[in-house]
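Sequences are here, hints too, so could you generate the full structure?
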Amino acid sequence: MQFWATVLLDGLTYASYLFIVSLGLTIIFGVMKILNVAHGSFYAWGAYTAAFAIGFITDNDLSEALFLPAILISAILVGVVLGYIIERFILRKMYNQDIHLIVLATFGVFLIFEDLIIITFGVDPYLPYQPAMMLGWIDIVGLNRGVYQLTLILLASIVAFVCWYGLTKTKWGKLLQSVIYDREISVAMGIDVTKVYVVTFIGGAILGALGGAYVAPTTSVSPGFAIDLVVLSFAVVVIGGMGSIPGALIGSLIVGILRAFAVHQAPILELFVVFAVMAIVLIIRPEGLFAPPKPRKI
Amino acid sequence: MKKKIFNKTAKLASASMIVASCLLAGSALAKDTVKVGVVSFLTGPAAGVFGVPAKQGAQIVIDAINNGTMPAPYNTQGFAGAKMNPVFSDESGGGTKQVGLFRDFVEKQKVDAMIGYISSGNCMAIGPIADELKMLTIFSTCGTPRLYEEKLRSHVFRTQANAVGDSLAAARYIVDMYPNEKNYTGINQNYAWGQDSYKFFELGMKQMSPDSKGSDKPQFPKLFVGQYGTEISALSLDKAKVVHSSFWNGDIEAFTLQAMVRGFFQKKIFVSSVGGSAVDALDKKFPDGIVMGTRGNVGLLARDNKDPLNMWFISEYKKRFNALPLGPSYQYARSILAYKFAMDKAMKKAGKFPTQDQVIAAMKNIKFKSFTETISMARGGGHQAVHSVGYGLTKYNKKGKTPGAEKVKMYGPECIYPPAGTKSEDWINAGMPGAKCK
Numbered sequence: 027m028q029f030w031a032t033v034l035l036d037g038l039t040y041a042s043y044l045f046i047v048s049l050g051l052t053i054i055f056g057v058m059k060i061l062n063v064a065h066g067s068f069y070a071w072g073a074y075t076a077a078f079a080i081g082f083i084t085d086n087d088l089s090e091a092l093f094l095p096a097i098l099i100s101a102i103l104v105g106v107v108l109g110y111i112i113e114r115f116i117l118r119k120m121y122n123q124d125i126h127l128i129v130l131a132t133f134g135v136f137l138i139f140e141d142l143i144i145i146t147f148g149v150d151p152y153l154p155y156q157p158a159m160m161l162g163w164i165d166i167v168g169l170n171r172g173v174y175q176l177t178l179i180l181l182a183s184i185v186a187f188v189c190w191y192g193l194t195k196t197k198w199g200k201l202l203q204s205v206i207y208d209r210e211i212s213v214a215m216g217i218d219v220t221k222v223y224v225v226t227f228i229g230g231a232i233l234g235a236l237g238g239a240y241v242a243p244t245t246s247v248s249p250g251f252a253i254d255l256v257v258l259s260f261a262v263v264v265i266g267g268m269g270s271i272p273g274a275l276i277g278s279l280i281v282g283i284l285r286a287f288a289v290h291q292a293p294i295l296e297l298f299v300v301f302a303v304m305a306i307v308l309i310i311r312p313e314g315l316f317a318p319p320k321p322r323k324i
Numbered sequence: 201m202k203k204k205i206f207n208k209t210a211k212l213a214s215a216s217m218i219v220a221s222c223l224l225a226g227s228a229l230a231k232d233t234v235k236v237g238v239v240s241f242l243t244g245p246a247a248g249v250f251g252v253p254a255k256q257g258a259q260i261v262i263d264a265i266n267n268g269t270m271p272a273p274y275n276t277q278g279f280a281g282a283k284m285n286p287v288f289s290d291e292s293g294g295g296t297k298q299v300g301l302f303r304d305f306v307e308k309q310k311v312d313a314m315i316g317y318i319s320s321g322n323c324m325a326i327g328p329i330a331d332e333l334k335m336l337t338i339f340s341t342c343g344t345p346r347l348y349e350e351k352l353r354s355h356v357f358r359t360q361a362n363a364v365g366d367s368l369a370a371a372r373y374i375v376d377m378y379p380n381e382k383n384y385t386g387i388n389q390n391y392a393w394g395q396d397s398y399k400f401f402e403l404g405m406k407q408m409s410p411d412s413k414g415s416d417k418p419q420f421p422k423l424f425v426g427q428y429g430t431e432i433s434a435l436s437l438d439k440a441k442v443v444h445s446s447f448w449n450g451d452i453e454a455f456t457l458q459a460m461v462r463g464f465f466q467k468k469i470f471v472s473s474v475g476g477s478a479v480d481a482l483d484k485k486f487p488d489g490i491v492m493g494t495r496g497n498v499g500l501l502a503r504d505n506k507d508p509l510n511m512w513f514i515s516e517y518k519k520r521f522n523a524l525p526l527g528p529s530y531q532y533a534r535s536i537l538a539y540k541f542a543m544d545k546a547m548k549k550a551g552k553f554p555t556q557d558q559v560i561a562a563m564k565n566i567k568f569k570s571f572t573e574t575i576s577m578a579r580g581g582g583h584q585a586v587h588s589v590g591y592g593l594t595k596y597n598k599k600g601k602t603p604g605a606e607k608v609k610m611y612g613p614e615c616i617y618p619p620a621g622t623k624s625e626d627w628i629n630a631g632m633p634g635a636k637c638k
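Same order as they appear, the protein sequences are chains A and B. Going by this note's numbering, the residue at position 297 of the first sequence is 323; the numbering climbs one at a time, nothing skipped. Going by this note's numbering, the residue at position 110 of the second sequence is 310; the numbering climbs one at a time, nothing skipped.
Wrong hints could be hidden among the right ones.
Claimed, not checked - Computed spacing ranges between beta-carbons, pair by pair:
(1) A:82 to B:483: 13 to 21 Å
(2) A:129 to B:634: 53 to 61 Å
(3) B:505 to A:90: 38 to 46 Å
(4) B:268 to A:119: 58 to 66 Å
(5) B:332 to A:27: 55 to 63 Å
(6) B:391 to A:207: 40 to 48 Å
(7) B:483 to A:317: 47 to 55 Å
(8) B:512 to A:82: 34 to 42 Å
Stated by the list, open to error - Partner residues aside, some chain B positions facing chain A, computed with beta carbon under 10 Å:
(9) 434
(10) 437
(11) 450
Claimed, not checked - Below, computed lysine to aspartate or glutamate pairings styled on EDC-like, alpha-carbon distance capped at 20 Å:
(12) B:518 to A:150
(13) B:422 to A:254
(14) B:439 to A:165
(15) B:485 to A:87
(16) B:467 to A:165
(17) B:601 to B:488
(18) B:441 to A:165
The hints are simulated quantities; they were obtained by calculation from the structure and are not laboratory data. Cβ atoms here follow ideal geometry from the backbone N, Cα and C, with glycine treated the same way.
Structure, rendered in structure tokens:
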């Protein structure tokens with residue numbers, strides 16, 4: 027009982043932070059049909075900005091109640107600024123280009139932003155542990171759990187709900203679904219697709235930055251720490267289906283729980299279990315488990 | 201008469217030419233500067249608490265030797281009289297890139313020597329190339345024992361003892377301090393350094409405490425992965441109380457933070473062979489009671505060592521960088537000391553500025569004074585250093601407001617390294633014959 031509860035909780039925690047980051051990636055692809063390799067930059071910049079903000083609050087003896095707003099504001103700031111810059115000055119010029127060129131361009135952007143991190147924040151690691159330390163731990167099924175890490179599950183749930191509600195119950199959501207389904211028809215119906223693209227890209231960037239900002243208090247924020255997460259996010263998106271929000275959720279859960287099981291039972295398998303699942307999905311259903319249906323164009 | 205004058209003049213001219221050519225030849229060989237490539241992680245996750253302190257440690261000693269301001273026994277100016285012109289290079293990018301850069305240093309930049317390298321993977325890649333290109337190379341930090349145990353090197357030296365001693369000293373400390381703890385496990389990075397570290401820790405425990413038992417599920421997460429929640433759960437559920445780790449850099453800090461908030465260290469005896477950077481980074485927040493090693497009598501364990509050379513180094517480092525030197529700072533500085541020692545020794549023997557081959561011959565089997573002890577290049581055919589390795593329990597010094605350690609035990613090289621010519625694994629499995637431990 028303790029074993030399975032532990033695996034489930036570990037898997038859910040890991041899946042939560044994967045979901046928040048890969049959700050942004052899959053939304054961007056679903057709407058804009060762009061595989062944004064620079065998504066890792068949002069994660070890294072979100073983490074650094076949150077680390078800086080938490081350090082500022084701590085150094086100036088400000089209220090600990092400011093930690094959460096600081097994290098959220100950091101994510102929004104990074105998403106809006108970096109998202110707008112990348113969409114407006116790079117991607118907008120490339121929408122009609124071959125997808126491979128776009129991937130290369132976003133990869134170049136990723137490398138540039140990694141170097142900009144070093145110029146802006148230096149090479150020393152940041153340890154913004156205060157929010158995590160503040161909440162302490164609780165005992166769940168005989169094992170201590172960091173309360174802060176558990177709130178990640180809550181955050182992922184809120185993000186999933188907000189995305190579902192936004193897509194299905196709001197006017198903007200319906201516009202987005204229309205563009206996802208068919209860009210040309212959407213243009214013909216008078217939808218300002220460029221505006222939709224900007225909002226979508228910034229929204230995706232905010233989600234990527236939120237993942238980094240929220241995770242920052244649990245880790246050592248240092249140059250290059252986003253690279254591993256970017257690779258995993260791509261695996262999640264491929265498993266779930268590119269452009270599918272339920273796919274991102276299910277993909278994250280599959281990766282999180284399988285990885286947790288491997289770590290507990292056969293640690294040596296942990297490294298490749300994720301990519302083994304990805305390979306199996308690509309063989310059986312190359313478009314992903316929950317890929318949205320593609321209309322046949324005559 | 202005319203013939204006599206001509207002959208005399210001709211002889212004088214010939215003699216002058218011979219003297220002039222000797223003088224010219226002598227001054228062509230003498231050097232004002234030596235160009236040395238110094239390689240460490242200057243970007244990426246290993247830069248902040250490893251590569252940059254390493255570079256800073258090297259800089260302190262290079263500048264002091266160049267200016268002749270180093271304390272004895274290194275108080276003569278220069279390296280065989282020449283000033284060192286260090287060319288710092290970034291170790292990031294992997295082995296293939298580093299091999300390319302190494303070739304560039306040797307073939308285009310025409311360096312006189314190469315010093316540095318932190319990653320065991322890079323050392324294993326560079327070692328054969330250094331011998332192929334016949335470039336004197338001094339490795340400062342990398343720990344894999346495979347460097348000399350698989351093949352002896354002609355042009356490569358290492359002034360840092362290998363991971364075997366770190367792991368055996370850790371096992372000795374556990375057996376000495378926690379004799380009733382019989383179960384152990386580990387969490388180590390999944391590459392040469394991590395795998396070797398745990399392997400030799402386990403071999404050591406089996407010999408020193410035959411009734412101890414290793415877990416069948418030690419953790420080997422990927423290098424620099426940063427998230428260890430699941431691994432901490434798995435280790436928490438494991439009945440083994442002793443947890444060995446050779447995590448370094450951002451990984452030890454991330455692990456410490458994530459484990460600390462879950463009360464992990466209250467329930468486990470955590471043995472960190474090279475986690476000193478996290479101690480300084482977290483300062484008073486770092487938990488007390490962690491078994492901490494520093495890969496020698498350096499860094500955290502050397503803070504109270506009164507050796508004049510050590511006190512000078514700490515003082516100069518703090519003055520210049522407003523921080524205390526870490527283990528990597530000592531390791532790189534030590535390599536510079538070894539190079540100076542060998543250069544001066546070679547010049548004394550040759551009577552003039554030495555060639556590279558003379559420096560290599562001089563460096564073989566040397567014993568040179570380092571900051572806290574004498575280092576002996578007594579393994580790997582005279583190319584591999586051995587020195588003592590210490591472990592202690594972390595204890596924050598509230599009075600001095602600095603991280604510190606208590607219950608420190610130092611294990612001499614005769615206790616934790618096999619004799620020359622013997623493979624570590626064979627020696628340990630044979631019961632470590634001839635080991636002299638206090």
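Right, here's what the structure says about each hint:
{"no.": "1", "hint": "A:82 to B:483: 13 to 21 Å", "in the structure": "holds, 18 Å"}
{"no.": "2", "hint": "A:129 to B:634: 53 to 61 Å", "in the structure": "holds, 60 Å"}
{"no.": "3", "hint": "B:505 to A:90: 38 to 46 Å", "in the structure": "holds, 40 Å"}
{"no.": "4", "hint": "B:268 to A:119: 58 to 66 Å", "in the structure": "holds, 59 Å"}
{"no.": "5", "hint": "B:332 to A:27: 55 to 63 Å", "in the structure": "holds, 59 Å"}
{"no.": "6", "hint": "B:391 to A:207: 40 to 48 Å", "in the structure": "holds, 46 Å"}
{"no.": "7", "hint": "B:483 to A:317: 47 to 55 Å", "in the structure": "holds, 50 Å"}
{"no.": "8", "hint": "B:512 to A:82: 34 to 42 Å", "in the structure": "holds, 37 Å"}
{"no.": "9", "hint": "434", "in the structure": "holds, 5 Å"}
{"no.": "10", "hint": "437", "in the structure": "holds, 6 Å"}
{"no.": "11", "hint": "450", "in the structure": "holds, 4 Å"}
{"no.": "12", "hint": "B:518 to A:150", "in the structure": "holds, 17 Å"}
{"no.": "13", "hint": "B:422 to A:254", "in the structure": "holds, 9 Å"}
{"no.": "14", "hint": "B:439 to A:165", "in the structure": "holds, 18 Å"}
{"no.": "15", "hint": "B:485 to A:87", "in the structure": "holds, 17 Å"}
{"no.": "16", "hint": "B:467 to A:165", "in the structure": "holds, 13 Å"}
{"no.": "17", "hint": "B:601 to B:488", "in the structure": "holds, 14 Å"}
{"no.": "18", "hint": "B:441 to A:165", "in the structure": "holds, 19 Å"}
When each numbered hint is compared with the structure, no violation occurs for any of them.
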